[in-house]
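Peer 1: Here is what each chain is made of, one letter per residue.
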Amino acid sequence: MASNMKLKKVSLSTTPDESALRSLELGNIVYLNGLVYSAREGAYIKVVDEGTPLPLDLPELSAANFHCSPAAAKRPDGSYDVGAVSATASFRFRKWMDGWFRASGARLIMGKGGMSSDDYKRYFVPNNAIYLTTVGYGTGALLGRGVKRVRDVHWLNELGIAQAMWILEVENLGPFIVESDMNGNSLFERENEKISAGLAKLYEGTKPAVLKRFGETDDRSDELI
Amino acid sequence: MIPIDVVHSTAMTLMEKAAIEIPDDYLAGIKSAADAEEGDLSSFVLQSMLENYETAKDDRRAMCGDTGCPRWYVKMGNEARIEGGPVSLETTLRRATAQATNEIPLRPNRVHPLWRTDHNNNIGIQAPEIEFGFEPEGDWLDLVAVHKGGLFGTDYRMLFPSDGIEGIKRFFLDCLIAFGKRGLACQPAILGIGLGGNKDACMVHGKRAACLRVVGDRNPDSEIAELELELTELGNSIGMGAMGFVGNSMVIDTHIEVGYCHTGGMQMSFHAFCLSSRRACARIYPDGRVEYRTDPRWFTPYQRRETVEWPLT
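Protein chains in written order, with our numbering: chain A, 291 to 515; chain B, 12 to 324.
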């Protein structure tokens, strides 16, 4: 087993200043303290596309947008029981990111799988924001334990539990891994490059399928299955 | 007669166990993958997952916040009779799914594909899936709850006999590499491969291979069993590990299920179960006894029969 000792662990505020973000490096392990909110396509459409005002004061209260939907249920007393929390894949949200950064002042985007370094350079870097990826995927119980209380939930009736905007008080919420830095580099892309170098050897001896599929050719006159 | 209230209480327990308790066979598989992993990031991911399983059990909270899409595999011995009949059984499973979604809690993932209507209980049109199987002997009812992740890690391709084993390996690598990048397949996982049947049956066989067989189980056909081991080794030699980081843990085990197909084709489907491998099973007897287990024991000689007749004892 490899030693994890060399991975640097950092505790970070959910309203971090620029210098704290600049000191983070790809592959650092991050735990968050403060207030985190969930926002994904439901909230993005409302705010970015339709111009609906934000339901809370951002980024003063929080600059940490989690691409997630908690497994949550309402208790009889009206409070909420948050069981596990895991992220959803972030690449689907790239088209809203620029508008969302402007509207919310977010500095931290947490989610699953990250985005491309092109997206980081285009949308994140100009807004002094970075991307933190969840771990696993599916350290949902660990993340659930980091949620101390549901402070509020917005647009629950309109958007449903999964798409509502959940405002969560968190303590040592994590682990997250720094996926993009303030220069827009991507950890996943760095790893992909290393792995891709060995792929040709792996495919030695295999041959392409007898019939191709769309996506394996750009020639529209080819016969495919 | 199997009492329907016992079906309901058992189904509630299974929904909870599947979401919270990592099955022993998969846990042992992850532990040995963690021991063998040399990549520092991939190793950190596996250690975090091991910690996550403990946290889930200690706190009685779901392992993963995306609790997937609950589905049911139901098997009956030939002599089993359910109080209220099959409609009562289906209704009871739907009720337990809805109630457990709220009580555990699970994430209500199920929405209408077009209108995105969410009943907040994982119930809707054709949801949850309930699949049935039968065995020639017994008066029992087996329930298997599976909370299957829903977005990445599944593909299908029509291959042909001339593609051969090499074609199977190639499509296997294509799938693992495509879904493995950035860890979208939630690897290292149990992989299910469906071969043959037809397009829909091939998907069914492959998904069952991933969800209903335990780590270490081998196909009774010795050459297929050999291929299962070979594919596992191939997957772990990509150079990729958990979350798509450099490493060598992609596959905990590979299970292949076959179905007779059209003479001209060799359909192949690929399915990745996830890092939580959420399955829980129970056998219910007419006297109300319930035995819980984690091995679905779905694939019996009867399920894989190729003869016309099957002797009934």
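Source of the hints: derived by calculation from the structure; they are not laboratory data.
Only a predicted model underlies this, so the values are computations on that prediction, with no experimental measurement involved.
Where a beta carbon is used, it is the ideal one built from N, C-alpha and C, also for glycine.
Hints may be right or wrong, so weigh each one.
Stretch-level coverage of chain A by chain B, calculated; a stretch enters the list once three of its residues show a Cβ under 8 Å from a Cβ in chain B [unchecked claim]:
#	segment
1	368-375
2	411-420
Capping the alpha-carbon separation at 27 Å, the derived lysine-lysine pairs in DSSO-like fashion look like this [unchecked claim]:
#	chain 1	residue 1	chain 2	residue 2
3	A	LYS385	A	LYS299
4	B	LYS192	A	LYS497
5	A	LYS296	B	LYS28
Peer 1: Each hint should be assessed against the structure and marked as holding or not.
Peer 2: Here's how the hints hold up against the structure:
1. 368-375: With 4 residues closer than 8 Å to chain B, the segment 368-375 of chain A meets the three-residue bar; holds.
2. 411-420: violated (count 0)
3. LYS385/A to LYS299/A: 31 Å, violated
4. LYS192/B to LYS497/A: 22 Å, holds
5. LYS296/A to LYS28/B: 36 Å, violated
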